[in-house]
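Each protein sequence line maps, in turn, to chains U and P.
For the record, in the first sequence the residue sitting at position 148 is 136 according to the numbering used here, with numbers rising by one throughout.
The number in the numbering used here is simply the position in the second sequence, starting from 1, with 403 added.
Some clues are possibly wrong.
To be verified - Restraint ranges, calculated between C-beta atoms of paired labels, are given here:
#1 793/P / 1/U: 24 to 34 Å
#2 22/U / 759/P: 58 to 68 Å
#3 467/P / 91/U: 38 to 48 Å
#4 152/U / 412/P: 32 to 42 Å
#5 90/U / 721/P: 45 to 55 Å
#6 28/U / 650/P: 57 to 67 Å
#7 243/U / 759/P: 50 to 60 Å
#8 142/U / 628/P: 23 to 33 Å
#9 28/U / 483/P: 19 to 29 Å
#10 163/U / 808/P: 54 to 64 Å
#11 620/P / 38/U: 48 to 58 Å
#12 746/P / 1/U: 26 to 36 Å
Stated by the list, open to error - What the simulated footprint calls covered on chain P by chain U, stretch by stretch (three residues with Cβ under 8 Å from a Cβ of chain U suffice, anywhere in the stretch; the number is not a length):
#13 467 to 481
#14 549 to 561
What the hints assert, rightly or not - 25 Å max Cα-Cα, derived DMTMM-like pairs, lysine to aspartate or glutamate:
#15 780/P / 71/U
#16 547/P / 57/U
#17 236/U / 71/U
#18 571/P / 91/U
#19 140/U / 577/P
Since the hints were made in silico from the structure, they are not lab data.
From a predicted model like this one, the values you see are computed outputs, not experimental measurements.
Quick reminder that beta carbons are idealized off the backbone N, C-alpha and C, glycines included.
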Amino acid sequence: MINLIKSIVDYAYDNVPLYRKLYSKKPNIDSIKDFKNLPYIGISDFCANMTIDSISEVDDIIAILPAIDNKAIFPFPRLESADDRDIRYRVFYYLLEQMDIDEGSTFTVITDSKHAYFCGELVNNLLFYQYPTTMLFLRDHTPDEMRQWVNKLKPDCLLLGTDRMIDNVAEWGVPNLLTINRYDKNLSNKGVRHYDIYAISEISWIAIRIDSSYIYPEEFFYIESDPKDDILVLTTLENYLQPFIRYKTPDKVKMLDGNRFQITYIGEH
Amino acid sequence: MILDPSLECADQKKLLDDLIKPRLSSLFIRVYDNFAYYRWKFNEANVDPCVEPLDALDKLPFMTKRDYMMLERDAFLQADRLLFYLETTSGSTGRPKRRFQSLNDEINELRLATRVFAGFDISKDDVVLFMDVGNPSIYIWFAKALENLGVRNTIYYGIQSDFNESLKGIIRLDPTVICTIPSLLSRSYEGILHMYGKSKGTSLRKIIYFGEKLSDGFRNRLQDEFNVEIFSHYGGTEVSTIGGECTQHNGIHIYNDANYPSLVDTKIINESTQEGEIAWTTTQIDIQPVIKYRIGDVVRIDYSACPCGRTSPRINVIGRTNDGFSLFGEKFYYDTFLDTIYSDLDEMGFMQIILSTEQNRDRLSIILPDKLKSNEKKILDSLYHTNELEYFLSEDFIQIELKFVPNDYFVNRKIQSIVDQRVY
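Only chain P is shown next, with the shape it has when bound in the complex (with noise of 0.2 Å):
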């Protein structure tokens, strides 16, 4: 279903002259009064916030996670009693990064947020599952998209370390559509399989996922096992939701007058495809936006139309930056562990993350020089403590170790910041 065809299937150049360089030139003319921190990029970039709002784009540097940082303090005192909502997610210098919100983001994002469940086809009579394992607020927030769609049952289900166990009550609840994230569909897997096999009879028909990359063998395989049909949700905490797939499955479809995608050092793959680092210009959120934010994510954007009418172009995420992981949905970065470990030993050094799957559990492996070896409870006492590891580490979702290694492993060798060998 496409719910606003005057936008989703609108012409692209008259979309970009009508609509999103008027909401970029006032999103560039609001940071530029508010923020101390855009203030001082257009200054030093020699940007004027009123010039053509396209050349004032492309002059403007990229963003990276430390710097949105420094929009916090101004979003802050902008929003005061308009404050709403709070979303975190681990920081690259230790502490979580903050994205406060307004009341008119939360109306916004889930205008934004209800054209992307309705390209998922949802139907009123359909029961849907939200299965995660801790705080449920993004599902309220789905919940209430899907509301404005007239879908009446949406379950919040609360998954618990045990998930064979947890998942019990699933059955009997016989949700139609099921959204969460793949680690979790990974390591519920045999679990759902047992109940959802072919020849169950079930009326599971689609499964939404979001916060992780899903390979194609494990989509293949859900799709195959369990007969359903599969959509992708794409988002992040500093950019909200961002798009989601039609039922064509070829592609994300990016609501780019809401969220304005620029590339990084952009290759061209053909006249309508182009490939490369995304960054994110939200002219629809209020209180913290972001001009050519770069979220990790390396995609390729198609711009040719779609069949399913909407002309908006479609990404496909191909990599990730190597600075980040995920763990059930909530996003990591190296530069948290390296500023965590380090913080107290009063130096810097070396250190490379291996991801890997025991027994259903991320175990989480920090490699690090021997010469950390007498600091050793005091490196997992000091992980132990970083906010949004704790939860997951006395749950027993994951599980974290140790290794030391000779001092010249580093220096000798070409290594990965981040080896990521969980399959799902």
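The shape of chain U in the complex, shown without the other chains (with noise of 0.2 Å):
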């Protein structure tokens, strides 16, 4: 783990700008003390910044990863090169894993206008994955309306991209249901296993809720909580072109043993 932390922080420092500023000096990282030495970095930082600060070299680029709300403004968008693409990618096959779902498994997104362009990332992802996948748009449609096109698909697991709430939606007769930064314990009491992504804009999807944690892949994200305010900090360990390291979010957690972590607040992403 401390190699791929000072990978990370050697190279940030070397090639991004904004972590050059950042540090007065090129850090010495032996160990997770001289890591947590480390200035928490923030989304202000970013803003103060202009966008290329932020990454390691324009020609890298070959993706970007819509919000997860696509608001008129947000802060900068996810950049990705094709390593890191291929990154999510796997980090999202992991949450998959966690799932107690069969391959091949059918899939179903409700989503609406706001949220649309990043549910089309996961349903790109579940594509590729081979798990057979709709999406249906969300408008002025009652809930019994949405149920009858669910019912007309009869997924395996239902993905609520939307923030509008659908009555009963446990009732559908769905036996997984997915959200997005949504955890609801109506969803899960009623026979159906209920599942919540938690996720960040700027850096993509991260963990998954099983039972009554947060589990998240080790091998591609530091996290650990500010010890003053519990928020969660967040450092990419493979994210080479924008890379966040001690990246604090808008999220409280209670961090568990292992991979695990429980929230306890989730801000506005």
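Put the two chains together into one complex, using the hints given.
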């Protein structure tokens, strides 16, 4: 782990202007203790700089992950190199592996125009891993109308990519429900498995809630919490185009043993 | 339906003077200030960006795909935190061409797409099903355009390599409109016919296709067998939506207030019709606009009035310049393959691409000189790792093979660089 951390910190200092500004000299990382002496970085640091200062090389950009919620203005998009995109796919596969579903299970995604681009990327990932997937666009449909569409498709998993509340969705007969940053205990107490993906627009999907805690792939993220305010602090270990090192998210967590945490407060994403 | 008669039915001369020329002037001044590439080209052609815009346009050179890549860095810098999305397509140098988009681009392009979709006369009660094999991003955009028109039910349906199995769910959704690419229609034809034969009494009324050319024969067959009306949506990654057919089906209406056409080597057919390779100038693209950009289509352009009431010119795509082809709507270029194959071999050489269809799969045969046979594994490995090909190959949508021929095959015969034997 410490080698991964050292590698990304060294690379960021050498190649990403934002980190060169932030650290007064090249950090010497030999231990987690050294790493934890690095300053936190926040959204304001990114907003105070040009986007080009947060990346290592413009020529390497081959994708932009759309924001979860397509607001008129969002702080900055997640920019990806080909390697970063591969890693995002691998993280997604890790999250799918944690779910109790068979290979080739069918998915239906319900989305709206605010969340459609982000959900489109989820659909892309699901199809890539050979999960047959359909996406329905929610407009002024009543829950009953939407239920009728879902019944026609009879998916094994229903992904709710919308912030609209859908009444009685747990009673639609779909055995697995998936949400994004929206765990709702009412969705899992009716014989339905409810999974919640923890995602941040600028970093992508990170963890999935299984039972009472979120589990994340340690090979890609180093996660800690700020002891002063319990804010989740995240370091991307393999994203070299636009690294995030000790990035303070808007969310509060309780860290658990191993690669697990509980979210105690979810901020705005 | 004509969404914006003030633009779409306007007198063309008045539209040119009142809207198109000011937009071209504004574009020229903007790009001269913001792009090193355009500054170089304006200076080289001795064109002042403030002069009469049609004169300037006439003097400026045509842009190629290689030129396009020179815009990327400046476009990225300009967009900064307004960066919204990135479209990529197969590049001519082995790496993808990139179009950075701002939120303004999204809104402007959505406006135009809404006008184009209005031309397809889709009603609010239609159920529109988008059918494709991969990334649904373009359909999200289509769905948003349809949402602007009040259409409630839009569905993206991901098709996997087992076409017939994948298609089974469609019948339960009973769409009235299917929007897809011709190659997918061709491969799923039997399956759809099974579901949508005339006697089945389904609701399908329209098919909208895009991304590839649809042959007249296959179009007629679809119309007859499915009893549907067929519409073409026309555009490209670098230029976004250009236009679409109206219910008169006499060509693709191009909306020249947003995308202004020029022809390379214009051939006059009659007083209202011309022919040539089309090049576009995009006046409504914010971050990465193009001027006289050749997208590789040869068209016949008709300036006569259309009975639908629109005054905008109409085009018919009559061919492609022989430097590219499409696989499932994704554009690929000859140079991409040439560069990929020869990049590690420290030499440049000959190659021919033959496209065919076998058992519903596109087969890509790459003909190379015998002397490269010892590098077969290395070449295949490079091709398997070409960004846009990787997904199609891994999902078994296409097959690829190398064929080695005597070295003099390329010397002794005048051969086409791309031979497309697929039929759809």
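Hints the structure fails to honour: Per hint list: zero violations.
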